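A.B. asks: Read off the chains here:
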Amino acid sequence: MHADARSHVCCQGGLKPPGLRHTGDVLVIQELSKRYGNNQANDRVSLRVPRRRIVGFVGPNGAGKSTAMRAIMGLVRPDSGSIEWDGQPLHKVGVTHIGYMPEQRGLYPKMKILDQVRYFGDLKGGVAPAEIRSRATSLLTELGLGERLDDPVEKLSHGNQQRVQLAVALVNNPELLVLDEPFGGLDPVAASRLEAILRDHVEQGAGVLFSSHQLELVERICDDVVIIADGRIRASGEVRQVRADFGRYRVRVRVDEPQVPLVECLTAFAAEEAGAHQVVVYADSDQDIERVLAQARKAGPITEFHYELPTLAELFGDLTAHEEQS
Amino acid sequence: MNRSSLRAIRLVTRRELVALATSRAYLISMVVAAALIIGVFVVTSAFPAQPLRVGLVGAQPEGALEALEAAAGEGGVETEALSHEAVGGDADELLSLLTEANLDAVIVDGEQILVASQDTGLVRRIQTAWGQARVFSELTAAGVSQSVLDEAFSPLAVQVLEPDSDDRETSQGAGFVTVVVVFLSIQFTSAYIMMGILQEKGSKIVELLLSTVSARDLLVGKVLGIGLLGLVQVGVLIASFLVGALISGVDLPTLEPGAVLLALAFVLVGMVFYSGLFAAGASLAPGIEDAQATMAPINIVVVLSYFGSFGVSAAPDHWATQALAYFPSVTPFAFPALVTSGQASVVEAVIALFTTLVSAAGVFTVAARIYVRSVVHTDRRLGWREAWSLEPATTSD
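In the order they appear, the protein sequences are chains A and B.
All residue numbers for the first sequence refer to the working numbering, where the first residue is 1 and numbers rise by one.
All residue numbers for the second sequence refer to the working numbering, where the first residue is 327 and numbers rise by one.
Any given hint could turn out to be false.
Covered by chain A, per the in silico footprint, the following chain B stretches (three or more residues, Cβ under 8 Å) [what the hints assert, rightly or not]:
1. 337–348
2. 533–544
In silico BS3-like links for lysine-lysine, alpha-carbon gap of 30 Å or less [unchecked claim]:
3. A/92 to A/155
4. A/110 to A/155
5. A/110 to B/530
6. A/112 to B/530
7. A/155 to B/530
8. A/298 to B/530
No wet-lab data here; the hints were simulated from the structure.
Bear in mind that the values here come from a model prediction, so they are computed numbers and not experimental data.
Backbone N, C-alpha and C fix where the C-beta goes; we use that ideal spot for every residue, glycine too.
Work out the full structure, taking the sequences as your base and the hints as a guide.
C.D. replies: So, in structure tokens, the structure goes:
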């Protein structure tokens with residue numbers, strides 16, 4: 001058995017029971033629906049953002065991610081459903097504890113960046129102005145803009161303007177971050193810095209919900225993922241669990257000296273040849289994998305046996321392809 | 327309105343104040359307006375009144391020129407003797423004569439006046455002077471004594487009943503100036519509010535703003551901040567008029583402090599009225615490119631009301647203009663002028679102020695509804711009716 005495969009089994013065995021996973025949800029959306037004319041932007045969308053976790057919100061363009069995020073911020077009035085903050089209706093609690101980076105970026109072009117971050121921090125409230133000032137300065141410095149605090153926004157590059165927007169979202173030390181495509185347009189250095197900041201924020205007890213088209217990145221940094229297509233949630237949960245629940249194992253078997261053709265031994269699994277003496281089959285469960293292994297042994301001594309879950313990108317492709325077909 | 331609303335309004339007001347007060351466009355427009363006003367006064371005073379130039383052909387009645395001199399005013403009369411041959415040509419030649427010799431009129435043998443166009447004021451003055459001289463001459467010939475004639479032709483005695491009051495001309499001048507100042511201030515304020523909203527929509531910052539502050543608080547803060555700077559602008563414009571008048575020696579009307587306060591109250595109410603309209607109009611457009619279309623109906627109202635207010639100033643006693651002065655969009659322009667020129671009583675002013683205040687509150691409420699429903703839509707231009715029926719931009723509105 002391949003070492004990678006063993007590690008996967010180990011991790012899957014280590015999953016928390018589903019019942020405990022939602023303990024400490026900071027935000028809970030239930031059955032949220034929103035229609036614009038003929039377009040059902042959100043159709044009974046439900047999702048949770050626990051504290052200390054990063055939740056990736058992925059879906060094709062127009063899937064309904066931004067509508068759901070705007071509904072959280074009170075910028076869209078849902079037709080039905082509820083949004084709760086710590087068990088209370090969010091509209092009663094307010095969005096003071098939520099940092100937001102909208103899909104449509106924009107800042108005052110002639111305002112100095114430090115003044116801008118302070119202004120939005122003061123507007124949001126909940127933190128003393130002196131603390132806002134100090135946080136704004138340290139955040140901008142951390143984001144690599146320490147030398148440019150007095151520069152107007154219009155003098156910054158697109159990427160640097162995005163950093164200022166991130167500082168705006170973070171300046172009130174929010175318990176929840178709602179970020180619409182925060183990594184879009186960032187260079188690798190800035191993306192890595194943003195990732196570190198998000199992790200640091202989560203370690204301090206906050207929850208993060210962010211949308212992205214960069215599925216490898218979501219898979220790498222997110223604890224949980226929510227996949228949405230055509231306004232409906234297609235899959236949600238811990239990243240590995242979603243990959244396991246909604247995807248099929250890809251099993252690669254190699255027999256260098258077969259007594260009978262390997263592909264013939266695995267016809268029950270719709271085996272595909274993948275080079276000399278090597279086939280790929282798909283298995284739905286651990287039992288299936290065991291069966292594949294047993295069948296493959298009939299061909300001869302197994303040189304290599306490797307199985308893995310689909311990547312998030314593959315899973316996303318499958319789920320959205322099914323949606324397009326239906 | 328709760329404490330967090332008040333805090334948000336205060337912060338937005340302060341930002342608008344700082345952003346506009348330090349903007350080059352605002353400072354330059356104020357300096358240019360002040361310089362233009364003072365410049366007009368200086369240039370006007372640099373050119374003294376021109377004399378009346380009259381060509382004389384043949385004999386004229388005795389005393390006619392003196393009478394014309396008395397009627398000509400500050401510039402006086404200059405004469406030029408011409409021969410009969412000089413005026414013997416056709417109409418085109420006579421016209422050339424007037425133009426080349428820079429003459430306003432030519433009087434032939436005390437019996438005929440040649441003028442380029444039917445200037446009734448000039449013709450009437452010449453006819454009155456010449457007629458008076460002829461009568462004087464006939465009476466002298468008939469043996470009427472000089473003392474009797476002097477008594478008969480002596481001007482009527484004038485008794486000024488309100489010696490401290492300004493004359494009507496000065497008052498009308500004050501009214502005109504007031505209309506211009508009020509118009510410029512309201513126009514500047516409304517335009518800046520419109521530009522601010524368009525910029526926020528165009529730069530997409532509005533969504534970030536509305537995630538921290540309600541659309542209503544944002545609008546109120548914006549109107550307060552820019553409105554305060556509009557008042558500063560009123561002060562600068564008035565100061566410019568005063569400086570200009572002082573430099574050029576123009577008589578200034580004496581204004582009652584109460585009238586000035588009332589006029590300022592009208593300006594404030596007018597700013598609220600028009601700011602609301604401009605804000606609503608701007609919020610319908612996704613950016614500056616589309617603003618012309620959404621602002622068109624509002625601009626028509628502004629221009630018609632502005633010209634209507636001149637009609638009110640020119641004929642304040644006519645029933646039609648009196649009624650027009652109470653029309654909500656006209657009142658903020660017309661009444662400050664009527665108040666400062668003493669053409670409206672305090673009771674009339676208070677009634678007009680109250681009705682405009684009520685209408686401004688109504689307009690602002692309607693405009694705020696349009697604004698909070700349309701300001702977050704940055705993808706396309708909205709119609710007034712569509713915006714009215716949309717959902718509010720934020721759930722807190």
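A.B. asks: It remains to establish, for every hint, whether it holds in the given structure.
C.D. replies: Structure-based check of each hint:
no.	hint	in the structure
1	337–348	holds (count 4)
2	533–544	holds (count 7)
3	A/92 to A/155	violated (39 Å)
4	A/110 to A/155	holds (9 Å)
5	A/110 to B/530	holds (14 Å)
6	A/112 to B/530	holds (18 Å)
7	A/155 to B/530	holds (17 Å)
8	A/298 to B/530	violated (65 Å)
Of the hints listed earlier, those the structure fails to meet are numbers 3 and 8, in rising order.
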